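The primary structure of each chain is shown beneath.
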Amino acid sequence: MDILQQFLTPFINAELLLLVAVGTLAGIFVGAIPGLSVTMAVALLLSLTYSWDMLPALALMLGIYYGGVFGGSRAAILVNMPGSPSSVATSFDGFPLSQQGEARMALTLTTIFSFIGGLVGVAVLATAAPLVSTIAIQFGQRDYFLLAMLGLLLIGSLSQGSMAKGVFAAGAGIILGLVGMDSIGGGSRFTFGSLQLMNGIDFVVAILGLFGMSEILYQLKTLNEKGQTVTLKKMVFPPLRFLFKFLPLSMRVSIMGVLIGALPGAGGEIAALLAYDHAKRTTKNPNRPFGKGAYEGVIAPEAGNNSAIGGALIPLLTLGIPGDAVTAIFIGALFIHGLQPGPMLMEQSGDLFWVMVGSSVLANIFLLIFGLLVVGIFIRVVTIPKQILLPIIAVITVIGAYALNNSMTDVYWMLGFGIVGFFMKVHNFSVAPLVLGLILGPLIDTSFRRAYMAAQEPSTFLLGFVNSPISILLTLAFIFTIFSQTKMYSRMKEKMKK
Amino acid sequence: MSMKKRVKLIGSALFLTPMLLLAACGGGNDTGASNEDAENYPERDISGVIQWGEGGATDNISRTLAPLAEEELGGTLVMENREGASGATGAQYVYDQPADGYTLLFGAENPNLYQVLGISERDYLTDFEPVSIIGQSYAGIVVKEDSPFESLEDLIDYSTENPGDITMGTSGEGGLPHVASAMLQAELGTEFNQVPYDGDGPLATALLGDEIDATVLAVSAAQEYVESGDFRMLAVINDEPLDSAPDVPAITEAYPEFEKYLPWGPFQGVFAHKDTPDAIIDKLSDSFEKAQENEEFQETLENLGVNPLNINGEEAIEYLEQNRSTSTWMLYDAGATETSPEEFDIPRVDEE
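Top line first, the protein sequences correspond to chains C and U. Just so you know, we're using the working numbering here: the first sequence kicks off at 6 and counts up by one. Just so you know, we're using the working numbering here: the second sequence kicks off at 496 and counts up by one.
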């Protein structure tokens, strides 16, 4: 009974209800603006809510968190500028959809399936948190390496046209990801003695340049050739059968999302990328080819990254370990408000757990409501003539890049990426593999080296791949994914059918 | 284009404008030097640069102290995180701003090690003036609960007999476990296989998941896992047991030779450019001293496991010198760095 009461607290307490609502709405806009990160917003709230009680402070922060992750996909769909790394995958099919006049469909579908993904995340958090955190803790450095390698196989899905160009772009991305201070050895790589380069390249900066700025430059090229505005299709609401059609896919990627989100070393961005990959591999007959505006291509990453939030809260609430950058600030907030986040948190303040679960459900409900309500506002962005829209976006990319770390260096990087991205587009290189390399490169680098250093000898290192159940599973998944692309596999499959 | 449609479009363009304004709020730092009197200081917003990222100990302490200091100063502190390169980016940024007291560095112990580790040329004692040292935390050596090592002696004996066999998780160059391992190596000849992780959280995860055999954590961070029965703390790096962990022996109990290095541990402080006028430093120091006396802030420090120091002036400089000498010479003696602290005129602790 206690649990139910705690769970319902945010629903019946007007203050909490309002704060979650305000947070979610504000989060949607914060997330939608490239360069304004959820992490930054939640950190600002830490000072702002210092003198508040703990629950209202957490309710507001949680609302921003859910709203922000969701909001990131708005800009990804409308202007091909993912608001955060976790919505990169949404832009692959979201932007083509909006260019074909189906922005309303894309925005509505992603809202509904973000809601479903979010709820799956909360459900797992509420019912299986201790179990999932046990698995997450056992997830070793070798497993992160395997997971990142699995992610890297996405290059195949992302490089439209020439595979070689995709591999080249991903390789370049990995090398760019190495720039800066090596977090393991402490040495500097490709920094040429410059302190600015020691920071490395923020992948949000790369996203702003490669997706945002390069798109502007590319569209300038054809500004006078094509029609200037996109005509919106009349479609008001997706038919109900869509809900049932996409439900199995969204459930699968949501479960994936929770598990990946619960890993302390991987978050929503990897969950969304793998969800996209999963959708592409398992969808037999998409409405359009992937990359050209497949509905599955926007549903899967959005369900995946929203369910990852519930996942990220699992290690936070069960072990006091952050699942990502935002939950790291939650830990700070708990400390400041006199709690001791750690494995004892659930025992010492069990009410907190259920209030967080309740607030999460509430945040998802508001996300659905506001998400559907603001579609009408966001949608107009698409109808703005390019001559007006492009300069505005250009300014936003510059400010966004600066605001990340208050650094001009990031602006230069962003512009550089914009120009590189432009030429890549001109020469039919897909920019997505480059971003993929930037995101996964550092993870591959550190996890491989840590696994190797801990093993001390090559033989123990190799044995590790078959020693633990998680490693075996991932190794097999990796081998199977490669094998399934070979001719031998398709021949075998045909024989099986006969 | 019909009139109505035009109005709609302008409306949409207007909708984008607040986005721009919002984005612009992310950074606002005033530059440009001027010679104001300390009397009038502060006449405009003071920029507070936190050298570590959101959610870390330095961030938490700085962001809770800032509103209290604002009240004392009668001005506004605009806080921002400039992380990267072990905090060197933030330190360099503050150093590059005019020495007028309008840019303050909220930093941790790291800049004391930049020179010997070759991370940056900046250094607290030569480039900055301490406004206030807020507090210090303590470090504890921890193993997992089911570890065969029951005491610090067990761990030390095993690692001297089997060099490189024990995997010690560290938080990178100059981090707490790295310096503590150097301390053990310099005094006792231990040898660990060091594997670097990204901070306290990942280290605790790695220890829970059996990836590493031992590590050094801030006592406050480790204590929760000790209470839950997941970790065992073998010793605290201090000359007496701590109130927060009364059952854990001090390192000097088994190895009195560590006495000369103590007190040692991570700390947080507020710093201004070296050439800032004394009158402004005094005003800042006074304000920050009063701000820290706030009871709620003291509670926050306690929650974070930080021992309040609230020192400034000569006392703060002596504290920094002691910390720097200990850490740098330990790293050098253990062979963790080839750059001798002597090159930067850093005296040895035992020579003082």
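In short, the hints are calculated from the structure, not lab data. Since the structure is predicted, the reported quantities are computational estimates derived from the model, not experimental observations. One should not assume that every hint holds.
[Stated by the list, open to error] Calculated pairs, SDA-like style, for lysine to any residue (alpha carbon to alpha carbon, straight line, at most 20 angstroms):
| no. | chain 1 | residue 1 | chain 2 | residue 2 |
| --- | --- | --- | --- | --- |
| 1 | C | Lys170 | C | Leu158 |
| 2 | C | Lys430 | C | Gln143 |
| 3 | C | Lys238 | C | Thr388 |
| 4 | U | Lys639 | U | Gly704 |
| 5 | U | Lys639 | C | Gln143 |
| 6 | C | Lys498 | C | Arg286 |
| 7 | U | Lys639 | C | Lys289 |
| 8 | U | Lys785 | C | Gln461 |
| 9 | U | Lys639 | U | Glu565 |
| 10 | U | Lys639 | U | Arg539 |
| 11 | C | Lys226 | C | Val400 |
| 12 | C | Lys289 | C | Met256 |
| 13 | U | Lys769 | U | Phe839 |
| 14 | U | Lys778 | U | Arg539 |
| 15 | C | Lys430 | C | Thr113 |
| 16 | U | Lys639 | C | Gly176 |
| 17 | U | Lys639 | C | Tyr223 |
| 18 | C | Lys250 | C | Leu264 |
| 19 | U | Lys639 | C | Leu158 |
| 20 | C | Lys238 | C | Ile382 |
| 21 | U | Lys639 | C | Thr139 |
| 22 | U | Lys785 | C | Ser52 |
| 23 | C | Lys238 | C | Thr113 |
| 24 | C | Lys297 | C | Gln143 |
Holds or violated: C:Lys430 and C:Thr113, Cα atoms, limit 20 angstroms. Given that 20 angstroms is the threshold and the Cα spacing comes to 29 angstroms, the pair is violated.
Given the hint that U:Lys639 pairs with C:Tyr223, test it: the Cα-Cα distance must not exceed 20 angstroms. 56 angstroms, violated
Could you grab the alpha-carbon distance between U:Lys785 and C:Gln461 and see if it respects the 20 angstroms cut-off? The given pair, whose Cα atoms are some 52 angstroms apart, is violated under the 20 angstroms limit.
Are the Cα positions of U:Lys639 and U:Arg539 separated by 20 angstroms at most? Roughly 51 angstroms separates the two Cα atoms, so the pair is violated.
Against the 20 angstroms threshold, does the CA-CA distance of C:Lys238 and C:Thr113 hold or violate the hint? 13 angstroms, holds
Holds or violated: U:Lys778 to U:Arg539, with C-alpha atoms at most 20 angstroms apart: Holds, at roughly 15 angstroms.
Would the hint linking U:Lys639 and U:Glu565 be met if the CA-CA limit is 20 angstroms? Distance of about 43 angstroms is beyond 20 angstroms: violated.
U:Lys785 and C:Ser52 were given as a pair; does the straight-line alpha-carbon distance stay at or below 20 angstroms? 19 angstroms, holds
Hinted pair U:Lys639 and C:Leu158, Cα distance within 20 angstroms: 36 angstroms, violated
Given the hint that C:Lys238 pairs with C:Ile382, test it: the Cα-Cα distance must not exceed 20 angstroms. 16 angstroms, holds
Hey, C:Lys430 versus C:Gln143, does the alpha-carbon distance stay inside 20 angstroms? Roughly 42 angstroms separates the two Cα atoms, so the pair is violated.
Would the hint linking U:Lys769 and U:Phe839 be met if the CA-CA limit is 20 angstroms? 17 angstroms, holds
The structure is inconsistent with the numbered hints 2, 7, 8, 9, 10, 15, 16, 17, 18, 19, 24, although it conforms to all the rest.
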